[in-house]
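Student: Listed in order, the protein sequences are those of chains Y, B, W, L and F.
Residue 31 in my numbering is what sits at position 31 of the first sequence, and the numbering runs on without skipping anything.
Residue 219 in my numbering is what sits at position 219 of the second sequence, and the numbering runs on without skipping anything.
Residue 311 in my numbering is what sits at position 311 of the third sequence, and the numbering runs on without skipping anything.
Residue 138 in my numbering is what sits at position 138 of the fourth sequence, and the numbering runs on without skipping anything.
Residue 206 in my numbering is what sits at position 206 of the fifth sequence, and the numbering runs on without skipping anything.
Hints were generated in silico from the structure; no laboratory data involved.
Careful, some of the hints might be misleading.
Unchecked claim - Calculated cross-link-like contacts (lysine-lysine; reagent style DSSO-like; alpha-carbon spacing at most 27 Å): (1) LYS313(L) / LYS37(L); (2) LYS318(L) / LYS98(L); (3) LYS34(L) / LYS318(L); (4) LYS85(Y) / LYS68(F); (5) LYS88(Y) / LYS68(F); (6) LYS42(L) / LYS326(L).
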Amino acid sequence: MLILLTGLLLGGTYTLIALGLTLQYGVARIMNLANGETLVAACFVTFWLYTGFGINPLLGLLVIGPVAFVVNWLIYTWLMQPLVKRAKNRGMLEVDSILATFGLLFLFQGLMLQAFGGSYFNYEFLAQPFSIMGNSFGLNRVVAFVAAAVIAVSLYLFLYHTDRGTAVRAVAVDPRAARLVAIDVRRTAAFAFALGGSITACAGTLLSTFYTFNTSMGVLFTMKALIIVIMGGVGDIRGAVLAALVLGLTETLVASLLDPGLTLAANYALFILVLLFRPQGIFGKRPA
Amino acid sequence: MSVPLLTINQVRKAFGGLVAVNDVSFEVAKGELLGLIGPNGSGKTTMLNLISGALSPTSGNILLSGQPIAGLPAHKIARIGVARTFQLVRVLPSMSSLENVVAGAVFGHNKVWGDEALTLARDLLERVGLKGREDVPVAAMTYIDQKRIELARALAGNPHILLLDEWLAGLNPSELRIGMELIREISAQGRTIIMVEHVMDAIRSLCQRCVVMNSGVKIADGKSASVLADPEVVRAYLGDEDDA
Amino acid sequence: MNIPRNEILTLGAGLAGAAVLAFLPLVTEGFWLSLSVNIMLYAAICTAWALFSGPTHLVSLASAAFFGVGTYSVAIFVDVLPFPALILIAVAAGALLAILVGLATLRLSGVYFVIFTLGLAELIGQIVTWVQTNFGGAIGLYVFTDFTETHLYWMLLALTVVVFLTGWLVNRSRLGLALRIIGNDEAVARHVGVDTARARIILFAVSGAFIAVAGAIMAPRYSYITPDAAFNPMTSFLVVIMALLGGTRRLWGPLVGVVPFTVVMDFISGHFPNQTAVIMGLAFLAIVYVLPDGVTGQLETLFRRRCSLDKSSLATTAEEGR
Amino acid sequence: QDPVRIGVSASKTGPLAGGASGVLWPNIKLWAEKVNKAGGLKVGDQMRPIEIVEYDDKSSPEEAVKNIQRLATQDQVDLIIPPYSTGLNLATAPLIAKYGYPQIVSTGNANDLDQFVKRWPNTFWPLGPAQGIADGIVGTLKDLHNAGKIGNKVAVVNVSDAFGLEMIKTGKPALKQAGFDIVYESSYPLGNQDLAPVIASAKAANPDAFVAYSYPPDSFALTEQAQLQKFDVKAFFVSVGGNLDAYGKRFGAAANGILIMGGVNASAPVFQAYRKEHLAATGQEADWWASPVAYASLEILQQAVEHVGSLDKEALNKEIQTGTFKTVIGDVHFDNNINNNNWTVGQWSDGVVHGVRATGNLQGAQPPVLKPAWPSN
Amino acid sequence: MLEVSCLGVRYGRHVALEGVSARVSKGEICVILGANGAGKSSFLAAVAGLVGTEPGTRIAMNGKDVTKLDAHLMVEEGIALVPEGRGIFGELTVVENLRLGSHARRAKADAGKMLDFVYGLFPRLAERPRQLAQTMSGGEQQMVAIGRALMSKPDILMLDEPSLGLSPLLSKELFKSLAIIAAEGFGILLVEQNARLSLKTADRGYLIETGRIVGEDTAPNLLSDPKVMSAYLGVSATTAAH
Ligand SMILES: Nc1ncnc2c1ncn2[C@@H]1O[C@H](COP(=O)(O)OP(=O)(O)OP(=O)(O)O)[C@@H](O)[C@H]1O
Ligand SMILES: Nc1ncnc2c1ncn2[C@@H]1O[C@H](COP(=O)(O)OP(=O)(O)OP(=O)(O)O)[C@@H](O)[C@H]1O
Ligand SMILES: CC(C)C[C@H](N)C(=O)O
Ligand SMILES: [Mg+2]
Ligand SMILES: [Mg+2]
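Just chain Y, same shape as in the assembly (with noise of 0.2 Å):
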């Protein structure tokens, strides 16, 4: 039960990772290599409200949300979208967003070191013991989870049950055709890169609670959200949150029952194994 909670909760913090990531990669198409630092920047900004101005990291959200969209809406604005209109193929805007995001990833990184330095930051925010069923789990890893929760749930309404959620799909899947059914792709593009940027960017804010942090740590977190991401299934939400829940639930499983040395080896080794029979991940279709 302790090992099926704490996974669970940690599921949860995967989920986060790697939400963002599959907006912008599923739906605007962008493979989105400073992923991680988005959520690192938001992590020192979390940090700076709260140790600086007294901001609890909660309503930080209601901050950092909002300017994290506009941020990258103006990023896709600026600099996604020559790229998206030069491509002639996918192949194309999938080369050039790799190129370009990694040189986002420097830029991101170097404005931070300067901002911050190197060194690893952290601070204390509900480190408060939390008891599900008799085990203590840290409320601010429960709190995380709460809001992951939420927003896969909102996430998964919005584009599935809503009009302007398959808009965004369709996006997804084709782009030409969706402008011929009155859908402004330009814009739905940016405001999945835009939410997308957002949710990564919450996520950082949350994680910040119970993570110790650097300038250098965004590599970790986009490999870990593009794993996720590759796992469920391009662009599908759904696979995103199986995928962590399940990543976080064997991590947990294989630290506990087996060995802790093996938990990355064992992440990657399942990713492996669902890629062998799943070649299009748990949720992906195969391309006709």
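Let chain Y serve as the given structure and place chains B, W, L and F with the ligands on it in line with the hints.
Tutor: Using the frame of chain Y, we list chains B, W, L and F with the ligands on its own:
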């Protein structure tokens, strides 16, 4: 017509609950030009996919000159001597037209290489009416020319049997005439062909024999004229007689 | 088959160029040599990477895995076997790993392949770490040899030449054609009789073996081999970035990416040690927007424009002459 | 005046940046400022200002090697301050040796230092062999056990990278030899901060003491989890990270009694003065172990130059091998290039770390106390 | 209703269309005939706003100048296109495809009604609303594409070779449906290779050759024009076959 070249025996293909090809059997003799027709979604493309190895059957077997080929990987079947075109044209976009055809010559049933492959490819391009356009990148070619490339590529493997999936679709009437002439010629040279087509003019004028499918089941098989007059075929596929 | 004249010329020029480069250590030592070792290293790896990823369009992030395997081949056996034998072990280990990966990834395409290979490299790194931790004995592997930077440079240069020759041979072979067809349309490839699985795996093995050799050659430079250095995912990323920057349609494409990339990045880290990341990021963005087709594409466009300029200027002179 | 050019190549980005920017870079800054304020470095009868030439090695051996080459041949610096971490120091050792610079490895150590020194007699190891540090905690536990204060059940975990592996390699046998029963033992991957299962399993084994050969992010995570899960042991030990001032700030009263790797003589006036200067010059607090050592290694370099009176590398090496140096961690003297007087265990007490165990003849150790139960919040 | 004048399109240096003028009114079926590569698809794409037009072009819809509007806004003006190659969303289900058709503001309110209309027209779609569009057969996908275009309640429905790949029966039914659709008041602009069938249904036709309009007449007149007969109807081929 001693040993049939191709034997389809109780072949079945199910996608989940949907049975796209339902225990179909028929034979194709050497040198025959068989029309495979039927309503949309009746399983024709699936049938071709089963023969060419793009899909493997759920059950049943397929024999080419007596040799079982069902379920073999596509490249093996291609080497044994089955070539095809695709319902939506598939050319190799980053290669020239000559290279596209060479691609068919090098690995298929034929297996020629070097100058021999180049000569063969040039000949075939000329035969399909693309002489002098060897170096044009196929991406810049029109639809019908791409279809020609596809045909030449399929022929380059010197296959025992050629599968054409709506190769004539989308051609305008004058192009259609040229296309039909080309198929007739190829058939006249003794090549065995199965063609899937919705253009009845072509079926009527080219095919001696037709197999008709409906909802995955074979509903008719025989001389084109009589099959096309079969009331069930008319009802399910052709529609009430009018202007054809 | 007869070889076209201009290819013979290029080949000759290439070999001559390599011969000239071989003299570099005699001219300069120290920093420039170190930089050249790095350039040569990535020249070899990126070209080897592009042997497979260029024609198939399958972006592999497994370079770190092959590199690490090569490094460890040396680290484990350095005290018991002579160096050439270690290189052979690296070849075998790299190829074997590539074959396994190749088999596992046959059904994968696009981004699934990309991330699978990334995951795989990480997995291997993790397993090596775990084995080291639990089966002690060989913790913290030291590689002490008498190799100097010059030796490393020469070995890498030789490797690069071999990779280029292999690439040239492959391009002229049926295997090369098969891969180009696969890269265009895998379904078509199968239907014209290409054994796509075999072709993919063979070339992946060749590419992986070369990268492993590069890792083996670099091992003496690290002297202390740890999984996180040997299996550093950054290696995989850098390889992809440099090769894409150069362009993968030509055999020499990656090379023209590696040289400017390494030099520019080095210039930046040398001159702006505290703003490296920011400037590197900006430089990168600039490159993406200024060189949309990679360096190769840019060179080719320039070249073409030159030609057409020449022609049009010829035409105008002709006009005027009349 | 012609400045003395001193080259540094260390991590500003990548996985090692966190440690380097906490421990190494600030001390370089502090030292350079202080020396220059005092008029410069005394070389012979000249006072020459110092100029730092710094490069980022991006936490990668390739870059590190290239940077050293650049420093030696392009910039032709007079002295070199070596990289952060054991791995990068070993990777750059052959090159630094080739150019003859003294390499005072303030942030790295290994087990087979003798072998190293034989190969590269210009390397110096202020932190001493890994063995000493790894075994320090064993000695402390043994003392507590012999005094009848704790039982003999220990849970031990380590981060599985070069550092963790070196530590566990000698720490584990030492524990066994000291008669401890290892009731739980495991490693976890570098970068893993989700250590709830580790603490849960350790807790389930019901040990008397907990030993973690850990790195900063995981030191924090382990401590937080232990607190959350009310994992109460009489001795709780974490390694790198526990020495950070931020650690004390983060856990406040809960940190009381926690044992850490390394340590200082917190009551020594030199150290207290150093801490103040560090804060003033860099805006961040020095840690309670590695910072003063890093600073001391710079002082050693400085004093060696002053003693020799020139920048002659060979003479400098000789001087460092034989001389004695007055530093913020006390008098340092190398024995076969190794400093055998090191703090190995410290203990938090009201926001301050006191050294509780040292190798050699370091003075000022305080007796370790048992860790009280986690305060409930 | 739709009026196009002086439309020009070029791809780089290649001029695909030049000075093309055409119009379609309410309830009318108009067909464009022409050889492969004549520029038919380019014409439809230009009207739909998918490709840019040359200066001088004027496109007016219900009297409003819509020349420079982007594709998604064209839909709001009442122009729907069933493109070459269908352009359906393969990874979405049939019903999602259809519902997306009424994403346009103009169609939102009547989405339910239009869905019933489309299901009535193509019962196969009503049978399989949850199937992924890409696993439908060629002809079935065509139905999805047409149905989706209708869902936007267009004033003008443009179809690029809608009978491509349809069985004879379905082609006939399709043209019957088009007649019904037109009778409901939609204007229809059609590009077709099946000239005979389309001219039989259509009211008017345009002939297009290498980017220019070379002829325009009522459908019956075109059908009986011997030049048209041989060039676009392939009469000789059919007669030869019989
Ligand atoms: N991969 C698949 N998954 C699920 N159903 C499929 C798949 N492929 C085909 N089908 C279904 O199988 C049936 C037969 O399809 P097929 O493509 O063979 O038809 P067809 O006879 O070629 O039709 P058309 O003339 O329209 O091309 C159709 O109902 C189609 O929806
Ligand atoms: N994206 C493009 N880039 C360059 N040229 C193009 C492009 N699209 C079409 N063309 C060219 O423009 C001309 C007109 O093409 P269009 O597709 O409009 O013809 P069409 O009449 O619809 O032909 P088809 O009957 O083959 O569909 C052709 O010569 C074609 O090669
Ligand atoms: C003793 C420590 C400061 C060790 C150092 N962090 C390393 O990586 O090896
Ligand atoms: Mg079909
Ligand atoms: Mg067209």
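Student: Would you mind marking each hint as holding or not holding in the structure?
Tutor: These are the hints, each one checked on the structure:
1. LYS313(L) / LYS37(L): holds, 25 Å
2. LYS318(L) / LYS98(L): Distance ~16 Å between LYS318(L) and LYS98(L) Cα, so the pair holds.
3. LYS34(L) / LYS318(L): holds, 26 Å
4. LYS85(Y) / LYS68(F): Holds, because 18 Å separates the two Cα atoms, which is no more than 27 Å.
5. LYS88(Y) / LYS68(F): holds, 22 Å
6. LYS42(L) / LYS326(L): Holds, because 16 Å separates the two Cα atoms, which is no more than 27 Å.
Consistency with the previously given hints is maintained throughout, with no hint failing.
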